[in-house]
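K.L.:
Can you build the whole structure from these sequences, using the hints too?
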Amino acid sequence: MAIAKRAPTDLAKQTFEYAPAPEAIDHVKIEPRYGLFIGGKMVAPHSKKHFPTINPATEQKLSDVVEADEVDVDHAVKAADKAFEGWSRLTPSRRARYIFRLSRIIQERARELAVVETMDGGKPIKESRDVDIPLAAAHFFYYAGWADKLEWAFANRKPRPLGVAGQVIPWNFPLLMLAWKIAPALAAGNTVVLKPAETTPLSALLFADICMQAELPPGVVNIVTGGGKTGSLVVTHPAVKKVAFTGSTEVGKLIARSLAGTGKRLTLELGGKAANIVFDDAPLDAAVEGIVNGIYFNQGHVCCAGSRLLVQESIAEPLLEKLKLRLGTLRLGDPLDKNTDIGAINSKAQLEKIEELVESGVEEGAQIYQPECKLPERGFWFPPTLFTNVSQSYRIAREEIFGPVLSVLTFRTPAEAVEKANNTPYGLSAGVWTDKGSRILWMAERMRAGVVWANTFNRFDPTSPFGGYKESGFGREGGRHGLMPYLELV
Amino acid sequence: MRGVRSVDEVGAEERAASLAKRSIKKSSKLWALDLAIRCIDLTTLEGSDTPGKVAALCAKGIRPKPGDPSIPSVAAICIYPARVADAKLHLRGSSVRVASVATAFPSGQSFTSVKVAEVKDAVAAGADEVDMVIDRGAFLSGDHEKVYEEIVAVKEACGPAHLKVILETGELGTYDNVRRASILAMAAGADFIKTSTGKVQPAATLPASLVMMEAIRDFVRETGRPVGFKPAGGIRTSKQAIAYLVVLYETLGAEWMTPERFRLGASTLLNDVLMQIEKERTGAYQSGDYFTID
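Those protein sequences? They're chains A and B, same order as listed.
The numbering of the first sequence is our numbering, which starts it at -2 and goes up by one.
The numbering of the second sequence is our numbering, which starts it at 12 and goes up by one.
Heads up, a few of these hints could be off.
BS3-like cross-link-like pairs, simulated, lysine-lysine; straight-line CA separation at most 30 Å [stated by the list, open to error]:
| # | chain 1 | residue 1 | chain 2 | residue 2 |
| --- | --- | --- | --- | --- |
| 1 | B | K36 | A | K371 |
| 2 | A | K75 | A | K46 |
| 3 | A | K26 | B | K32 |
| 4 | B | K37 | A | K335 |
| 5 | A | K335 | B | K36 |
Keep in mind that the hints were calculated from the coordinates and are not lab data.
P.N.:
Right, dumping it as structure tokens:
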């Protein structure tokens, strides 16, 4: 080149170190101790038992929350039952007005909610700010619109609400899962008792405050906190007419068993082991972004995560080279930093589960790749991880890891891709990357998965139904389909 | 060019938008602003350009902020061929280089012989760098060979001068075309590929730049020859300039963060960068009257 080379000392100085850019937290008020949200107000628990909720990035305690017992859950269900009569008979447009109000307040308090979500759950602020909270608001907004149109939504059938819905949600998208559960239930005229996950109760308790701010009639929404025991009390309570659960397949099966013969309606949104399938004509740089978004988004704590990469053998080499390069640019660290791409693992137990499965992958003979990545000393962390030389029979290719761990397999023909992709007990989602439109449709027809993304991944919209095949559960959330589980059609 | 891998429009735009959200603060912002100045090709491309206008621009380029020696000079002054001799005179003794647009800029709709002659004359007049435009008419009609051969001919005419090839992405219509034109220009010998002339809207955009940088990344992987990148047109604020630096850093890496491999074609950007540096240093915005308008 014509320009003289700079001295090496100058070159060494040319690193672009992003200075810390932490989101402010001084505008957020977290109470030292919370009660339960029952009958429209925060009440002291009968159980008198509290447990700490911590920030997984620092292991510091954020607050004490209630472990609700049988009496507490009974109070909550009774309050919901009492509110049902009034709420279900309310003029639909007035019901809509309340739900619109919830949506608007979520938008108004978005920053506060995003910070709490990140502090309590460990996810990067850019995700809670740009994905979780806006989508939660969008969900309420969307279902508010259905409230006064229900009568015309199902041809020649009359929709009736069911009663009290008992809802148990996971820790990966706390407020968003709350929205997926509560918005359609309220729009359809039901009342709810919701139990947030043990490790991430704070945004639900903040939502309780939002319900009060919106002057929602008392008892329409009730929130009880606690662990698995509290959850089972909610779903098995005799006055609960409808159960909605999002979480592990293991617990989902337990719930299904315990509800058998009770006549309660049930929807389950469980685990997944999604295939992300890249054909040799795919736009590679976009595919790399899609793979990264598919498995490293929210530290891989995503039920529909693209945890199995199926790549056509002829492009495996350049694709993996690009992918490894890209992994090196992921920024892991303080979840409150606006430039963080990968935050903290949600809990110690989850970290141990990830470590155990990764160890099994190494033992079974897969080749592990992790970019150079400094993990913070305190808190729960796991670096973005990629396994090559993976066989279909390895545990890392079959079991849901729910962490930032990708297993790479190859295929030769479209038929083989279909066969391998479907060869799993799960069936929540799949991704297809190709430049050929006809092949996208051909693949979508053959995927045994509730969602098939084409040239994108992890894209959510309240208007689109979401749910699983096989052990990934049943019932749909989102769209008109998402109303069905909360209605009886007569 | 059919063998060139395709680009996903939605994916490219999303990736660019997500990188534009990086929050660059304090020391990293100051570092980026300093680099931005060192990478600027300070540009005037008007029919009304005179020796006097060029002299003023050269003075600004050498010393963007009089009285503040910590502010570096820009990389080059970018002008029409007829003004090269004026610029050469006023830049004597400085590190600032002379870049001349050429090849029937901005449309490129002329004879190859005329273009080659223009380049030779510009280099003879003292141009260190030549910013040529590709023949979009030929490219869009499918005559990629003509575009290729013209770049080869111009590269030869450049001699020791550095060749930047302007794709005019705003006229190419698709990101697939942007990628094809990038690969074609690099294969033909471009030292830099450049987005736009600044005479067509849209000029530089972040997604088109990302697509070009990804093409460079793939070209380097194949050939081992590094090629520089220059976005030009419409970059007026520090915030925009920093977004380009972020995309550069996260696509091509730290080795590209030097004027040897990155340039920003701009005219009004410089004063905004100076204002932002002053704001970072003092915590207060200064009146526009403290920055010279040249």
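K.L.:
Check whether the Cα positions of K335/A and K36/B lie no farther apart than 30 Å.
P.N.:
Within the cut-off at roughly 11 Å; holds.
K.L.:
Sort out whether K32/B lies within 30 Å of K26/A, counting only the CA atoms.
P.N.:
26 Å, holds
K.L.:
For the pair we were handed, K75/A and K46/A, check the Cα-Cα distance against 30 Å.
P.N.:
21 Å, holds
K.L.:
Mind checking the alpha carbons of K36/B and K371/A for me, to see if they're no more than 30 Å apart?
P.N.:
Distance of about 22 Å is within 30 Å: holds.
K.L.:
Holds or violated: K37/B and K335/A, Cα atoms, limit 30 Å.
P.N.:
14 Å, holds
Figure legend: structure checked against the earlier numbered hints; every hint is met.
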